[in-house]
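Trainee: So the chains spell out like this:
Number of protein chains: 2
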Amino acid sequence: MRVITSITEVQVLIEKLRREGKIISLVPTMGYLHQGHVSLMKEGKRRGDVLVISIFVNPTQFGTGEDYDVYPRDLERDKKLAERAGVDIIFSPNALEIYPRAYQTYVQVEEVTKNLCGLSRPTHFRGVTTVVAKLFNIVKPHIAIFGEKDFQQLVTIRQMVRDLNYDIEIVGMPTHREEDGLAMSSRNAYLNPPERKAARSLYRSLLRASELFTSGEQQVEKIIGEVKKIIASEGIITVDYIKICDTENLQDLIVVDREAVLALAVKVGKARLIDNLVLKPLH
Amino acid sequence: MRVITSITEVQVLIEKLRREGKIISLVPTMGYLHQGHVSLMKEGKRRGDVLVISIFVNPTQFGTGEDYDVYPRDLERDKKLAERAGVDIIFSPNALEIYPRAYQTYVQVEEVTKNLCGLSRPTHFRGVTTVVAKLFNIVKPHIAIFGEKDFQQLVTIRQMVRDLNYDIEIVGMPTHREEDGLAMSSRNAYLNPPERKAARSLYRSLLRASELFTSGEQQVEKIIGEVKKIIASEGIITVDYIKICDTENLQDLIVVDREAVLALAVKVGKARLIDNLVLKPLH
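Taken in sequence, the protein lines are chains A and B.
Counting from 1, one number per residue, gives the positions in the first sequence under my numbering.
Counting from 1, one number per residue, gives the positions in the second sequence under my numbering.
Same shape as in the complex, but just chain A (with noise of 0.2 Å):
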């Protein structure tokens, strides 16, 4: 496993290996990685011949008064943790490095990024689509691994490539869960004990909802009342929203009679949550 810092090293490298015919896999990570991060690394080696994977905690997509300087680092775990999944390639760049002096390029998505998270992190997705532009056109690969738990992300990344005529795969992973649900996130560890007992509700009220669809209730107003009040009763946690998407654009619906995403933001003290559940209708 090779460690790279630059971005030329990485650009010459890889043209090699494409030039030799090898698939080119990236997964795109800001580190402090678990079993979610090892779930993508696993399918992008299954899917390729050489196995990126990203290392940067990215400025652009963190608001003011956001955690960008607490966001935890822990590089040499990391590698271990890479190692052990097959990582070929850690690229691991400084911020001036993918930001220098006179940066001044955004790539923006327009119409996916504004409603869930876009409404209260309104720079959000222009960080993470600006970086991941970046990162496309530096690693140059041919498959790129997200996880579903960041939802719109992987709805706004989608959107892009299709836009900006990425020849890339782009492939979806599902949420990877701690034993009792709560989906797993860097920022699971910002939780003390009671904060991370009472943030299974999450999940909980997200089965809930989906029990409810299952069983008829197509009410968006329904299904999200009961999801309120299971996180309600926790006492400690503050919603950001609540919301019922078509998963196609990620405009809201009063009745879900598409494929549908319910998607929740929540803050339990220091951290900021997400989670989602994709509801399906029978047809």
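The hints are all genuine.
Computed list of lysine-lysine pairs in DSS-like fashion (alpha-carbon distance at most 30 Å, straight line): (1) B/Lys42 <-> A/Lys16; (2) B/Lys79 <-> B/Lys22; (3) A/Lys45 <-> B/Lys16; (4) B/Lys16 <-> A/Lys42; (5) B/Lys79 <-> B/Lys42; (6) B/Lys45 <-> A/Lys16; (7) A/Lys267 <-> A/Lys228; (8) A/Lys270 <-> A/Lys229; (9) B/Lys16 <-> A/Lys16; (10) B/Lys16 <-> A/Lys22; (11) B/Lys22 <-> A/Lys16; (12) A/Lys280 <-> A/Lys228; (13) B/Lys22 <-> A/Lys22; (14) A/Lys197 <-> A/Lys267; (15) A/Lys267 <-> A/Lys229; (16) A/Lys45 <-> A/Lys79; (17) A/Lys114 <-> B/Lys114.
Here's a subset of chain A near chain B, in silico, CB distances under 10 Å, partners left out: (18) Thr8; (19) Gln11; (20) Val109.
These stretches of chain A come out as covered by chain B in the derived footprint (C-beta under 8 Å, 3 or more residues): (21) 15-29; (22) 110-117; (23) 132-146.
Read the hints as simulated data drawn from the structure, not as lab findings.
Glycine included, C-beta positions come from ideal geometry on N, C-alpha and C.
Assemble the complex: chain A is given as a structure, and chain B must be docked to it using the hints.
Mentor: Chain B alone, transformed into the frame defined by chain A:
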């Protein structure tokens, strides 16, 4: 020479050519080719193994009320000219191939697009960088060639390439001029004979400015005053701007104490014309 209208077809073909080790050069155009384009194509031919040109009148770089609908088009003539210039592939997609339903992604270079043409055409460069990013992802060239006549466009594209880490060499070629000095442009076709004659004053005024500068004048106000006088004497030319800017960041200068560009945009009849000249201080 092949003429291709499908994005996927170009991508599959280029991928194969790159795997064979071929150097791909790209000249992006809006068609209605003239000798200025020919000089770009010749340079592309000289530097690469496979010369691709794109012919696409890009709607997103035209503002409302601008000349998108009447912009001159003549694909049959362009094909002959391209064939003679040694073009291997013409990529000439239609607008829906480039901007399908639900299109919503834009690439924006922020600082260098603010001044000059960015003032009167606020969404122009966003359209240019978006379509050029797409062309780069479709054609995957090693080299792309642009004219220095569109000076701000060239600076903007260089900035985008640097910021988004496109592994592409950008080559700028000197402005090609008619015998009387008028910079070649597809938009010259809009000029009637008196307008065409008046338009000569643009290059004449640039040469006079260069003379002044070479003889020691460094005050921007003085130099621009001369340029204005010469253009005003024609009576039928409306000035959009005449400015002298730092060639690197395109910010206005008061004194020409570094490499600078004297850039102008005017309206003559229905045509908006631009021209420029670089002023290099002797050190």
